[in-house]
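Engineer: Residue 138 in full-length UniProt numbering sits at position 138 of the sequence shown, and the numbers go up by one each step.
Derived from the structure by calculation, the hints contain no laboratory data. Note that the coordinates shown come from a computational prediction; the quantities given were computed from them, not determined experimentally. We put the CB at the ideal spot given by N, CA and C, even for glycine. One thing to keep in mind: the hints can contain errors.
Derived DEER-like restraints, expressed as beta-carbon distance ranges [unchecked claim]:
1) Thr84 with Trp299: 33 to 41 Å
2) Gly309 with Asp82: 41 to 49 Å
3) Val283 with Asp186: 51 to 59 Å
4) Gln232 with Pro67: 46 to 54 Å
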Amino acid sequence: MNRLLVSLLAAVDALVTVAVGVGVVLAPVTLVWVFGVSGNAEWAALWPAAATIWQLGHFAPVAVSLPAELVALGGLPSGGADFTVSLAPTALAAFTAISGWRSGGRAARAGAWPTGVAGGALAVAALATVIALTGRAGVASVELVAAIAGPTLVFAVPALLGALVRAWNEGDDGIVDALSERIPDDVQNAVDAGARGVVMALAGIVGVGALILAVLFVARGGEMIALTQAAQADLPGVIVLALGSLLYLPTLVLWFAGFAVGPGFALGTGTAVSPAGTSLGVVPGIPVLGVIPDSTSPWLLLLALLVVGLGAFAGGLARASLRLGSPTDAEPFRPRLVALGVLTVGTAIGVAVLAWAAQGALGPGRLAEVGPEPWLVALVAALEVAVGAAIMLLSPRGEESVDPPLTREPAAVPGPEPRREPVPTASPDEFPTAPLD
């Protein structure tokens, strides 16, 4: 396909992605402006509010500077007027990243992935620049560099990875194929097998976090309802709380994924929520935070065995892929070791990125540190997955015997005697006779 056409199609993908992301934020904000604060609403602040939320969803820190009357009304300390909010509603970033991955894959399938990735990234950067310049707010401001770089990287990095994966699997008649020709076949198979294991391990860890969160929603639904009632919000306020909770739902899933791994997460400076113990201070009165348990049992440390089991499953999947990719039944040690290394390092990098996306600042004071510690969660997750994967990848398999097994011949069973055919008797008419005189 023509490179210019690929670039234009990637730019269209970027335009649709940004438009949908901004629209998801702008629609409920508009409803709040219409039904919630219609009497004293400043319509000029509608677009900056939506733009700031969208930028926060792409990891651009928001510097909040509250006026003195709001500080006094909220009962905040004198130093709490200026603070930073950087905990991102990761649902927005997840949508952009998935769209970027798909766009990069389509560009690679068209045979011009460098042009497609570059075109999509430039389009997102241009749109983010327009949003940043037109959406400046006085109370909550975002630095121009962060407002442009955040959305661009969230789209461009997955687009590049998606393009490289598609080109590695299907070929691109270019850089990826040239690199592939220099790598031995067994190492290529090992990298492929390890990458499949990484996807399985990351999906499993996130799935365990989602399962824990679902159980807590059921078990602690009463606390969430009580916090909602205590907020005394009207209908628009309830809608805002619900939509905000949905946007932060992936963030909560990643928090409890870190909980399952072991280190857990923090809800403020000096706090910890982990299977080993929970130490919470004053929890903000946000209804969705009512899902966080006040105490935990040491038995929950057994959740780490689930992660080890996920590593074993991922290692088994990688080993099965190696056996399918091998022209013989032999299992050399080097490909299995390479697959284990790819699986371990890939899991560590993936978990570190996910944990980083789920941490940040939620407010002034002690709320400046919220979420998991990326390096610690990544290290523990990599060790747990490596233990399970090593058991499956490096353990010897029982070799089949070369000689056929001895089998006992069944005793001969006497069969029925053969049937004897009766001897035909000659009829008297068959012989000529002479009449007697």
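Engineer: Hints first: check each against the structure and report whether it holds.
Structural biologist: Here is how each hint holds up against the structure:
1. Judged by the Cβ atoms, the range 33 to 41 Å given for Thr84 and Trp299 holds: they are separated by roughly 38 Å.
2. Range check, Gly309 to Asp82: Cβ separation about 47 Å, and the 41 to 49 Å hint holds.
3. One distance hint, 51 to 59 Å for the beta-carbon pair Val283 and Asp186, holds here, with the actual separation near 53 Å.
4. Distance hint check for Gln232 and Pro67: the Cβ-Cβ separation is about 23 Å, which falls outside the suggested range of 46 to 54 Å.
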